[in-house]
Amino acid sequence: MKKLLRGGRVVDPANGIDGQFDVLIDGDHITAVGKSLPVDGVTVVEIPADFIICPGLIDMHVHLREPGQEHKETVSTGTLSALAGGFTAVACMPNTDPINDAANVTSYIVNKAREAALARVYPIGAVSRGSNGELLADIAEMREAGCVALSDDGRPVATALLMRRALEYAGMFGMPVIDHCEDQSLKTDGVAHEGHCASTLGLRGIPGAAESIMVARDVLLSEVTGGAVHIAHMSARTSLRAVRQGKEAGIRVTAEVTPHHFAMTDDALASPVPYDTNTKMNPPLREAADRDSMIAGIADGSIDAIATDHAPHHYDEKRVEYDSAPFGVVGLETAVSLTFDRLVHAGVIGLPRMIELLSLNPARILNVPGGSLSEGAPADITILAPDLPVRVEAARLISRSKNTPFDGWELRGGVAATIVGGRTLYVNDATSLVIG
Amino acid sequence: MTPTESGTMDTPPLVALRSRNLLGIADLTPEEITLILDTTEAMKEISSRPIKKVPALRGKTVLNLFFEPSTRTRTSFEIAEKRLSADTLSLSIGSSSVAKGETLLDTVTNLEAMDPNMIVLRHVSSGACHLLARNCRAAVINAGDGMHEHPTQALLDAFTIRERKGRLAGLKVAIVGDLMHSRVLRSNIHLLTKLGAEVWVCGPPTLIPADVRRFGVHATSRVEEAVDGADVIMLLRIQLERMQGAFFPSLREYFNVFGMTEARVRLASPDAIIMHPGPMNRGVEIASEVADGQGSVILEQVANGVAVRMAVLYLLAGGAEHEEAA
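From first to last, the protein sequence lines stand for chains A and B. Going by this note's numbering, the first residue of the first sequence is number 27, and it counts up by one from there. Going by this note's numbering, the first residue of the second sequence is number 789, and it counts up by one from there.
None of these hints come from the bench; they were simulated from the model. Treat the hints with care, since some could be wrong.
To be verified - Simulated coverage check for chain B against chain A, where a stretch passes if three residues somewhere in it have a Cβ under 8 angstroms from a Cβ of chain A:
no.: 1; segment: 863-869
no.: 2; segment: 903-917
no.: 3; segment: 930-943
no.: 4; segment: 990-1002
Unchecked claim - Here are the computed distance ranges between Cβ atoms for each label pair:
no.: 5; chain 1: B; residue 1: E1050; chain 2: A; residue 2: D215; range: 32 to 42 angstroms
no.: 6; chain 1: B; residue 1: K841; chain 2: A; residue 2: G94; range: 38 to 48 angstroms
no.: 7; chain 1: A; residue 1: Q46; chain 2: B; residue 2: R806; range: 56 to 66 angstroms
Unchecked claim - Which residues of chain A face chain B? A few of them, derived with a C-beta cut under 8 angstroms, are:
no.: 8; residue: S133
no.: 9; residue: E220
no.: 10; residue: H222
no.: 11; residue: L227
no.: 12; residue: L229
no.: 13; residue: G231
no.: 14; residue: A235
no.: 15; residue: R345
no.: 16; residue: V346
no.: 17; residue: Y348
no.: 18; residue: D349
no.: 19; residue: S350
no.: 20; residue: P352
We treat Cβ as the ideally placed atom computed from N, Cα and C, and that holds for glycine.
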């Protein structure tokens, strides 16, 4: 069963490809990328010339909420949302209930993903048992069951000693440790970025330094141990400085930024809807200087990945006082449009860099298949429509939760289709694309 | 537009507020603030009559919902409502209803099903009044939300200053105390700057909100600088539990460095007035001699609170328009 994608612009930074090419798929893998590939015995799919054919996007930071919080999201609903957002694979954080700190929980998630048979799911295991920062979790067993990385996301690895041990121990398996950097003693009970906006609204502040102190610590520990550390959802300009210094020193540190941190500032807490709990996330939306710094880091290569930190919450949980609302917003279905609109069309980055940030680099950091259209690679392919007008409508999101801060935003650029293992699992009705 | 203290020849005086709610001073124009202060004068006259009651809010139901303990503000609202002939009900809702698992919105929408016209809300969370206003039919009056705003306090402060000084524009107002956690501070900064006062805020650096100068105020940790030549000195309460957060070492040291003593008051203008929103900690943010002294207008503030709240209730209920219809 062969399929030829013909007519689009192929962008595959792993192979240095950017141009009009055909992509030949045989079953579940890619067999060729080239000009005028033979069409005998092949189903030809015509792709509009301005559409982008790229390696499937990989979101290395999502919360699928299963097991335990199925009222927010499940593996099935979350991976369906991922497909609509152009992601062929997601890596899911371990702060489920129970926490994914043991092989049986990992296996449960892997089985749910297999049953759903939608986007690929790469579980991330807890660093510490119960993510409580004391004893290491059963890392080898979790790896055996399918975990690709370690994180206590939602909580930082509080002590430098445990972080050191984790980097050393995980290094044995080549697994990165992904850290949610936040010094709890500085964060205290903060709910918003410490700055003029929080001062005006009377919200308790979280300074950028609460994040950066731990980023700096992690860079140093990576140097000490040689282990790979990945900074989750980086938001503060001082954190970026620490990451840059680490990279210049040849330390194995990588970092991701979320679309909300490059597209929004803390002004969103005050307007258009004051105290909108869909602007409450951790780390918080920061001031313009931080947002601009994240954009600069994306442009100059200091930042390796765009990840959504997709954090679904039920509307009951968000329809409360700002202080009481849980942190987090959904992001899978808006990431591509925000990246196009705010970064590509704004002239900050080109398309190959966009694909690096959303596909190639996440694959490399997590050491998982995908990220390229190489011959023999899995046929995980995303087709993008760079000029598609997109209006975000919270009520129409596919995710089980609708807690987006982007409701009503009008953006340019979107997803046309998502192909996983050769199977076309999502086609956007708003495009005229037809894929058998 | 230049802030004015009363309507000018070019712009006729306002007769109504734009919003049906009073969520904060930040939302008010200088003209609206002046309208409330002018209306307060009429309301104050009512309070001086032998029979302190007018029928302005007859047939209106006002719910006072206090999710945080309050004596002064709650009593003040209740008296104001009764003097306007509203039917009033006050509920002190502690943490017990939260423990029962009911959300703020569920609690309030259940009460709202009984069709009150206005809800006066005091809540520990900043923004709670906005949440209510978005989800309720009744008009919402903010009686203090978290660290955000306490608009009727700032209005009664402004009324008291105006009564004593004849104006707000050009006055130097020094506000000293726990700035960070104070909703009174935020409402006062908005109001005083909108009406053209020169505002100085003062406290230990640990208790000054981030980027406070962007509010258009002077900030200092030298209390002598703040009160130098001031026309108004306003003290803010120091909460005893702040020592636990390491905001300052001890109440004694706080008093030594920031406490408003007679010696410090002498640095201010000779006819400076001393204000405090209460409750006071004597010997912490203010010396008793100052609280009880010549310039103190602390009890006038409390008295004016009733008139200001009458004015706010009256204007939000529709003012003269409603009276004509009734």
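Each hint tested on the structure:
1. 863-869: violated (count 0)
2. 903-917: Per the Cβ count (6), the hint holds.
3. 930-943: Per the Cβ count (5), the hint holds.
4. 990-1002: As far as the segment 990-1002 of chain B goes, the hint holds, because 5 residues have Cβ atoms under 8 angstroms from chain A.
5. B:E1050 - A:D215: 32 to 42 angstroms: 38 angstroms, holds
6. B:K841 - A:G94: 38 to 48 angstroms: The hint (38 to 48 angstroms, Cβ to Cβ) is violated, given that K841 of chain B and G94 of chain A are roughly 59 angstroms apart.
7. A:Q46 - B:R806: 56 to 66 angstroms: Since Q46 of chain A and R806 of chain B have Cβ atoms about 58 angstroms apart, the given range 56 to 66 angstroms holds.
8. S133: 34 angstroms, violated
9. E220: 5 angstroms, holds
10. H222: Holds: closest Cβ of chain B sits about 4 angstroms from H222 of chain A, inside 8 angstroms.
11. L227: Holds: closest Cβ of chain B sits about 6 angstroms from L227 of chain A, inside 8 angstroms.
12. L229: It holds, given that the least Cβ distance between L229 of chain A and chain B is near 5 angstroms, below 8 angstroms.
13. G231: With a closest approach of 6 angstroms, the G231 of chain A hint holds.
14. A235: 12 angstroms, violated
15. R345: 6 angstroms, holds
16. V346: Cβ of V346 of chain A sits 6 angstroms from chain B, so the hint holds.
17. Y348: 5 angstroms, holds
18. D349: 4 angstroms, holds
19. S350: 7 angstroms, holds
20. P352: At 13 angstroms from the nearest chain B Cβ, P352 of chain A fails the 8 angstroms test, so the hint is violated.
Hint check: violations occur at hints 1, 6, 8, 14 and 20; the rest are consistent with the structure.
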